[in-house]
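From the two separate chains plus the hints, produce the assembled complex.
Chain residues, written in single-letter form:
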Amino acid sequence: MTKTLALLNDKRVRDVAYQVAVVVGLVGLTVFFVRNASENMVKAGIASGFDFLWRNSGIDVPFVLTDYTRADTILGLFWAGVANTMLVTVVAMVLATALGFLVGIARLSSHWLLSTLAGAYIEFVRNIPLLFFVLFWYFGVIAALPAPRDSVSVFGVAFLNNRGLTIPLPDAPANFRWALAAILLSWLAQWLVSLWARRRKDRTGQDAPMLTIGLVLIVLVPVLAVTWASLATRWDIPILRGFNYRGGFVVIPEFVALLAALVTYTAGFIAEIVRGGIQAVPHGQVEAASALGLRPGRTLRLVTIPQAMRVMIPPLTNQYLNVLKNSSFGAAIAYPDVVSLFMGSALNNTGQAIEIIAMTLAVYLVIGLAVSAFMNWYNARIALVTR
Amino acid sequence: MGIAGLSLWRRRLFGTPATGVVTILIGLALVWLAVPMVRWALVNATWSGTTRADCAPGGACWVFVKARFGQFMYGFYPPDQRWRADLAGLLFVFGAAATVFAPPRLRLKIGIAALVILPPLGIWLLAGGFGLRPIETREWGGLMLTLFISVYASLIAIPLGILFALGRQSELRVIRLISVLFIEFWRGVPIIAVIFLASLLLPLILPGGIGIDRLARAVIGLGLVIAAYMAEAVRGGLQALPPGQREAATALGLTYWKATGLIILPQALRISLPAMTNEFIALVKNTTLVLVVSILDLLGIAQASLADPAWVGMNMEAYVFSGSIYWLICFALSRWSRHLEMMGRRQHR
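Top line first, the protein sequences correspond to chains E and F. For the first sequence, the residue numbers in this note's numbering are 7 to 393. For the second sequence, the residue numbers in this note's numbering are 707 to 1055.
Rather than coming from a laboratory, the hints here were simulated on the basis of the structure. None of these values were measured; they are calculated from a predicted model. In this text, a Cβ means the ideal position worked out from N, Cα and C, and glycines have one as well. Incorrect hints may appear among the rest.
To be verified - To be clear about the criterion: a stretch of chain F counts as covered by chain E if any three or more of its residues have a C-beta under 8 Å from a C-beta of chain E, and this derived list gives those stretches:
hint, stretch
1, 714 to 726
2, 783 to 793
3, 1017 to 1025
Said to hold, decoys possible - Across the chosen pairs, the derived CB separations fall in these ranges:
hint, chain 1, residue 1, chain 2, residue 2, range
4, F, LEU887, E, GLN285, 52 to 60 Å
5, F, HIS1045, E, VAL96, 33 to 41 Å
6, E, VAL160, F, PRO825, 50 to 58 Å
7, F, ARG839, E, ARG18, 53 to 61 Å
8, E, ASP57, F, LEU739, 27 to 35 Å
Chain F with its partners taken away, still in its complex shape (with noise of 0.2 Å):
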């Protein structure tokens, strides 16, 4: 830093008397909230050992996340069997960088192939049977499940937003009630309530005898409310688009579909992905609901940790690295959301 750097900076600081006194005022609190704060989670922190008696009081104890991390990761899932779960995520990061990295002309047939295989091909790695050792969604957890239902979840709610936006824009008026009532309902309600409402009612509602895994249950719930903010997302892509789009498309003979599907829907989503991706944030962190129908994702993971009579008083640990984990992943996300709407704005010009 020169010296220009240094006058920019006291400028900045203490340009004038009264800047000069906030920035006292907020570097004293800083300094109070922070020392402390450093000093637990590096300077008087343990880093090695395995059990609880090897952390010095007074700092933080990252042994116990080091000894807990492959549950935290992966919840009860047998050890011998993560290697599942770990290829099944690295098929859907690599099915999707096909998609994104394959040329234009390839690129819609990859991505339909990617959403025909890959769904049921994870369940399958993940839940077994068929030469696999059989894995019940009860032992399933931490941040695998965490993804698990994010991903899913969006599988039943991103082309059922679609349709429903479709649905709110159309001329048929019967359509067009039905896809408001969905949307409008799922929206007016806590997810907290839906979740409850699928353990509780899918099972009911279905024939005798079918049986309905608890895990679905939550997922199908959890897709069918961001579905309706999907909906208003993907809306607001449609409306962006000028009329004279799909009267041209009309013109030209094209059947609805058949413009919805080549003209409509390549732009609308492409104005709509920065809002989606807002919505696919809110479904991450609303996927730590599943916590009160006894399903142990990343945080579920973390609490029931603290229950553990071998590492009492655990508490600050496991919310400090879970909830760092669940602020990568959105915050990563939201910058990439971030990055799409300047690129679009961009193109626009």
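In isolation and in its complexed conformation, chain E is listed as follows (with noise of 0.2 Å):
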């Protein structure tokens, strides 16, 4: 008796039933889910399984970056969905990044007027929900936008109307395939340059002419690289036909609103966090910068940039994940993304509820887990070393 006393008022010893409790209340729980769960699907006679991923789909998509026809299988609609996420995500996280820097500046900026209307902005979207600015985009703003009749003309090549954006599409496009090879390898190539000038740098103590380098692989060659290919290319411009455009590629409306809503809204918040950053970093080391002797120029990105990066990358990640989950906030206004394609189209024509909804879901876990890894790799490289 008193040494099973002795035992409950150990401590290891309780630890460990606590936790074989907690383990076999979890596993109980699950057992009592999936036994109700195959229960009622037995009763419902919906079937279990990932057969039906190659059945036919038979669903049309309005807007598709992968060969998907409604021919395909369902796992074809389920990468078609895939693909749509990650282009809104991808196109809306740089927007975002641009106008979210631009405006967080503008807060700091000395100019009254300036500052006062960024902070207002920043107010302004963070304290209104994503899907009252998706509605408002595509109900509101998409919507009574004029008829392709009388479309607002983007210098004469695209076309915004209510049926959505088409823009001019290239007749040939492998020249752009040789002008993305030749960008990708000047970017290398810059990457190779910069790493020799550090270790020349350091060995010898002399600055290469990195700014004028970094212009010219950076900038210039793709820019020539475009210009050459666009100019290469014969192209075909949307014509108005009847009552609609022909030609060119057609950027659906719900892209076009969920895109400028999550572009608004995300900005307010990228907005912050520069703001944050720039601020974290004392004026102290912009008053030791230039009694160095450094320019302002080179003290902005020598001594200030880096210093703000490093408090700005932990919530930009949050932001980036962020986007990348409100990218579903498309399903709302039927934007063919994986959950209105997938949890939605694709569930209601098979009822195989547990097996989408997992791929779904291990859709976002996947690209967050890969986002985080990659941003947590760019934070310890960044970081301050201490010695």
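In structure tokens form, the structure reads like this:
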């Protein structure tokens, strides 16, 4: 009896007992749920397993990047949805970062009107639901655009109307592949040259003309490559025929609305991160840099931005992951992303809720883990080295 | 405004030539944007009348909002029963105020009493039964539903979030693993997918024959996700506490739960309160997602009202009105959270 009491009072024994109890409880709950689910599914005549993925989908998708057609399998539908999710996520991330940096820097401007306006913008978008912006852009703005006949013309080559944005399409995409290869090569060269320059500076203390080299390799080569590719091809420019445009490529209104909502909303959050990051750099750093004789441009590039980035990276990662997750808001206006195509249409057709939900959630978890792994790597690379 | 004020403004706006140019450019853009907006919303707007025909073209038709006001607030809740929603709201405000303004000695008791009594009371008032006319959740809607979902989802999320935050800090490895998995899973998936998931899977995994209300499904789904975010907010507070606090409590002979309840949580939650308020703001904004399972909260009602043939073309009016309400709620809450943060910082000094 005293022995059992002693055992009960032993912290290690009790710790193990608690954990075993929690695990048994969780396993029990899971078994209970799974048994109910299988019973309910048998009763409702729902199949299980992943065989449905190879069945014919028969679902039309208005906006595809893959070569999916309605004769394809449901697995093809899944990938078409994933591609659309990725497209809107990546474009929104880039544009939101650009707009967010602009607004964040404007917020810090010494110009009173500019910084007040930026502050008003931030307070406005951060306190309104994203779904509101999605619906507003879709039903309020895009739907109110003129019909194709009276489109808003962008330099006579792209046309914005209530059926979306019609943009020209190149006839010879091969040129663009060459241009892309040239751009990637020159970026690789830039990376190698900067490695060499840093090593030479460590050895000899001499500066290489990195600004000029960088301008040529990062800016000039890509611009030339894209210009060449677009001049060498014939463009299929959309032309008004009857009630709608023929030719070109139609960016559906759902994409335009979702993108506009994601960008304007996320930019408000990124602007606050940028402001916080720059303000986190102590002013003494800038003063010390100028005391050492660094010019303002170099101070910004070598002192302020590297330290601000260190503060900004973790919250920026969160925002990028939010953009990925928030791209699912497109389901509310039937933008064909993975949630609305797979969790919506495919689930309606097959009824296999568990498999479909698991696959959809896996998409977000896998991409999310990949993005945070990359950001952690980058964060570790630029982290402060303490000696 | 005296001479000094005037010259301050002149320096602010036209201090240097560059400043002046920027001021003029922004001013022109503002005039170009704001003048049509003000003319639409105020100058050319129609405020009185009963039908669409009363509205002047070219301006906002606020008559529409007036005619639909009841629906925006209560959805399709029967008008003669709306006092029940008002009463439930008042009771919650009263309970919160009583807890906040009670003398410190009684605060905990009053708070716990409010938490035990109010939630079931609120559901009874809204849903009816036991002497009140039953009203199905299908008829609930509007701002009332937005607030209902926010409050009840956080009633699930806050206790669960605190538990998982403690679990994440626990010495017990299995508990820590389970907590990390729970938190990272729910934080990694989109909320819209969780609402679908809850509405499809909850009826599937419960024993056959137990029907679960579709509003309850949405609230449970939201509650689970927000619990994961709340857990991270609470973790911030837990990590900010010096480890000596728990060590001292243990040295005094307090058990884990006594030390947690009496020493750790009171301090940690005070630090986490601003972060938790921010998560609550996110929750209020995310309640709009119940639209995808056809539950009509404030935004949903505004969206649904666009389909009314008697009021064609009221998109802007509906959006401006519902958007302003969301903005007012979230802005007030975010100001409050910032105020709490400032107060906390002052106390630490």
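Index of numbered hints that the structure contradicts, given in increasing order: 2, 4 and 8
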